[in-house]
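Asks: Spelled out, the chains give:
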Amino acid sequence: MPSFVPYLIHTLFPPWVRRPTEIGAEIMMVAGGAFIVYWLLKYKKLQWLWNEWLTTVDHKKIGIMYLVAAIIMLARGGLDALMLRTNLAMPTLHFINASEYNEVFTTHGTIMVFFMGMPLIFALFNVVVPLQIGSRDVAFPRLNAISFWLFAFAAALFNLSFVVGGSPNAGWTAYPPLTELAFNHTVGENYYFISLLMTGIGTTITGINFLVTILRMRAPGMTFMKMPLFTWATLNTSALILFAFPPFTIALLESLLDRVAGTSFFTLSHGGMPMMYVNLFWLFGHPEVYILVLPAFGVFSEVVATFSRKKLFGYPSMVLSMTAIMVLAYGTWVHHFFTMGAGPAVNVFFGLSTMLIAIPTGVKVFNWILTMWGGRLTFTTPMLYFLAMIPTFVIGGATGVMLGAVPADYQFHNSYFVIAHFHQVLIGGTVFGLLAGVYYWWPKMFGYKLNDRQGKWAFWLFAGGFWPTFIPQYWLGLEGMTRRMYTYPFGLGWHTLNVISTIGGFIMGAGFLVLASNVLYSRRHQERDETGDAWGNGRTLEWSIPSPAPEYNFAVIPVVDERDWWWAEKERRQSGERPALPRPEDIRPIAIPKNTPVPILLGAAFFLGAFGLVFTWWYIALAGLAGVFGLLIYSWFQYDHYRILSAGEVRESEELLGRLGA
Amino acid sequence: MHGGDEQHETAMEPGFEFIRPRFEAPKFPMHQVWGYVASLVLTFGALWMTVNRIMNPSVLLGVVLAMAVAQAALQLGVFMHVRESRGPAWHLVPLGMAFAIGIGLVGMSVWIMMFKSGVS
Chain A
342 MPSFVPYLIH TLFPPWVRRP TEIGAEIMMV AGGAFIVYWL LKYKKLQWLW
392 NEWLTTVDHK KIGIMYLVAA IIMLARGGLD ALMLRTNLAM PTLHFINASE
442 YNEVFTTHGT IMVFFMGMPL IFALFNVVVP LQIGSRDVAF PRLNAISFWL
492 FAFAAALFNL SFVVGGSPNA GWTAYPPLTE LAFNHTVGEN YYFISLLMTG
542 IGTTITGINF LVTILRMRAP GMTFMKMPLF TWATLNTSAL ILFAFPPFTI
592 ALLESLLDRV AGTSFFTLSH GGMPMMYVNL FWLFGHPEVY ILVLPAFGVF
642 SEVVATFSRK KLFGYPSMVL SMTAIMVLAY GTWVHHFFTM GAGPAVNVFF
692 GLSTMLIAIP TGVKVFNWIL TMWGGRLTFT TPMLYFLAMI PTFVIGGATG
742 VMLGAVPADY QFHNSYFVIA HFHQVLIGGT VFGLLAGVYY WWPKMFGYKL
792 NDRQGKWAFW LFAGGFWPTF IPQYWLGLEG MTRRMYTYPF GLGWHTLNVI
842 STIGGFIMGA GFLVLASNVL YSRRHQERDE TGDAWGNGRT LEWSIPSPAP
892 EYNFAVIPVV DERDWWWAEK ERRQSGERPA LPRPEDIRPI AIPKNTPVPI
942 LLGAAFFLGA FGLVFTWWYI ALAGLAGVFG LLIYSWFQYD HYRILSAGEV
992 RESEELLGRL GA
Chain B
270 MHGGDEQHET AMEPGFEFIR PRFEAPKFPM HQVWGYVASL VLTFGALWMT
320 VNRIMNPSVL LGVVLAMAVA QAALQLGVFM HVRESRGPAW HLVPLGMAFA
370 IGIGLVGMSV WIMMFKSGVS
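The listed protein sequences correspond, in order, to chains A and B. Each residue of the first sequence is one higher than the last, beginning at 342 in this note's numbering. Each residue of the second sequence is one higher than the last, beginning at 270 in this note's numbering.
Simulated from the structure, these hints should not be mistaken for laboratory data. Since the model is a prediction, treat every value here as computed from it, not as a measurement. Please note: incorrect hints may appear among the correct ones.
[What the hints assert, rightly or not] Here are some, though not all, of the chain A residues that point toward chain B, as calculated from beta-carbon distances under 7 Å:
#1 Phe584
#2 Pro587
#3 Asn620
#4 Tyr671
[Unchecked claim] Take a look, some chain A residues computed to stay more than 10 Å from chain B by CB distance:
#5 Lys402
#6 Ala416
#7 Phe763
#8 Trp808
#9 Asp874
#10 Ala964
#11 Gly968
#12 Ser976
We put the beta carbon where it would ideally sit given N, CA and C, even for glycine.
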């Protein structure tokens, strides 16, 4: 046996990845991978997969790939959560031990924020925004695919840490000195920093892409104040991404250099400043929570108007308050570390700015409620998620204001009160919102609705399990239970509340299973939607085209003259004021971006380099870097990025869809 | 598609002449080469001064910050085409925001680091 083999085994599979959970995960990963390869080979789907999906630059397909990845990551993050809850319900059993607990809460937080929340948001951006603004693609289709593949390979790298080398274990915030090499020898934190740097590049590109798309590619006539609210939410989220990710990138890069290159940006023993990491992290981290919640606000604004059959109440104030949230989001980050001790003046400033942000948020909640006033409500699954959001988000927001009060924060800090608060706003706001969006736009993505009866079952389990899970955690926090503890003695009065919380967590897990089975069931059994306006009372541009949208989206780009253009257009068509279908001579040739293998290969090259860097195997890292540069240079010399779809082909396709007038 | 190809007079608000579009394309991008060299000098100069501690820390901090501002202006002018625009100068809005955040983060952090006190 060559001498490097034992070294490799020792480095790649150290003892802490040879525990039963890790071995089980390994078997599942290998078996799952083998099954997928077998299935692809048996049904000869390899070519199809490569041509239709892996090399695509079509925003609709990229959106669907984001969606699939996000649902898989939701399962992983949810399993992590259930492991944590099981441990806390049986504190003496030590279902998982202290170090494993550290790893699981770290991966739970990181996956839920960066590899579940963000891709689910980008799934909706990609699927909805170009259709909603009457565009044929995003501004930079190839960059869009690069964003996706950077995210996908980063997610793969991050999950690989569980079975190869060891998971990160310093919490999703990765504060020094917990991440310092002197105190943390495993490669886990390298995985954390490198995979987040990778996905961060992709996220920044996505932000720029959608900013340019919305600013430059709207249909004629769609002024800013005629843009649908979800598009407004996307615009504001992209602006947040643009400014929030640079400080995060710097914080990650400097931490990584501290670990692999011997610098001491944040190592206190060598004159570094750990609190500067905290500062940079939260300058990103606070806008990040608005990056997560603003798209959900956008979804709710669409859902509530559609299912109340009314136009949105107070559109200008909605836009204004969303933009105000975007600006104010940059002025609150220090409230995450009031206890640093920057002094009363600094803390009071950030306490007040935190409370200030409740005002525009409150405006939005009142506008949503008033949209329902006097409307004809239909209680579909997305509408139920909207209704469940109102009380959840209001209570979560109110406890946020409590945390913003500086003296009180010294008591709440680092306790379960904080955990309860941010789960309440992140699940009650973001996850409910994104699930509502997924149910709402599912027919636009796939051409059929998800089964509503099963969707309601999933809703009641998920939203019903939510309250017993998180409300007891407020009390646990007030009774002194701190976050990130893997066990506690009986007799502190924490056990009953923890058991209730765990039961609630498993109910939410059951909700996820029903949701997953709903997806599989609906694929076979739901009837196809031929109209394109699956809910019957769509208001915005995306419902005016067939479902799923053809690759060119709009055969003829509409001229927008109303805020709820499709609603007005339907009335005009019914009264015969406007022809229902476009004439063949209106259709012109369309330029479609070509498929390209560069994005997926770029992701793979990044993955190789990142893997080398995790283990500080510099030759592999350099090989990955060379691959990245090689691919970039290769694509400099490619000039024909578009192919032309002739007017005849478009007419033929529209004819088949029954969308061509005489 | 967006009317970007034809030559047209861009209507400018008075007072915004300094960002009037100019799309000159010389044969060899000498301008950019000098910008690149100057960026490298500013970056490694700051690193060299800090590593060798050539003056007392508070003066050094001021000098490094001044070099950072110079480099930001250089990058924006030479590489980021800040003076070029078709139509309204939308890019000034995010640029203003970037400056506000940059000054907030750098300035305020320097200020807080001067406290040198424990938990208050």
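Asks: Quick check for students: does the CB of glycine 968 of chain A sit more than 10 Å from each CB in chain B?
Replies: Label holds. Min Cβ-Cβ 25 Å, cutoff 10 Å.
Asks: Report holds or violated for the interface hint on tyrosine 671 of chain A, using the least CB-CB distance to chain B and a cut-off of 7 Å.
Replies: Holds. Min distance 6 Å.
Asks: Holds or violated: is the Cβ of phenylalanine 763 of chain A farther than 10 Å from all Cβ atoms of chain B?
Replies: 23 Å, holds
Asks: For aspartate 874 of chain A, is the shortest beta carbon distance to chain B beyond 10 Å?
Replies: 28 Å, holds
Asks: Tell me if the interface restraint on phenylalanine 584 of chain A is satisfied: Cβ within less than 7 Å of some Cβ in chain B.
Replies: 6 Å, holds
Asks: Is the nearest CB of chain B more than 10 Å from the CB of serine 976 of chain A?
Replies: Serine 976 of chain A is indeed farther than 10 Å from all Cβ atoms of chain B, at 20 Å.
Asks: Report holds if the minimum CB distance from tryptophan 808 of chain A to chain B is greater than 10 Å, and violated otherwise.
Replies: Tryptophan 808 of chain A clear of chain B: closest Cβ-Cβ about 36 Å, beyond 10 Å.
Asks: Are all C-beta atoms of chain B more than 10 Å from that of lysine 402 of chain A?
Replies: Lysine 402 of chain A clear of chain B: closest Cβ-Cβ about 23 Å, beyond 10 Å.
Asks: Does the CB of asparagine 620 of chain A sit less than 7 Å away from some CB of chain B?
Replies: Cβ of asparagine 620 of chain A sits 6 Å from chain B, so the hint holds.
Asks: Would alanine 964 of chain A pass as off the interface with chain B, using Cβ distances and a cut of 10 Å?
Replies: 26 Å, holds
Asks: Does the CB of proline 587 of chain A sit less than 7 Å away from some CB of chain B?
Replies: 9 Å, violated
Asks: Measuring Cβ to Cβ, find out whether alanine 416 of chain A lies farther than 10 Å from everything in chain B.
Replies: At roughly 37 Å from the nearest Cβ of chain B, alanine 416 of chain A sits farther out than 10 Å, so the non-interface label holds.
Checked against the numbered hints above, the structure violates only hint 2.
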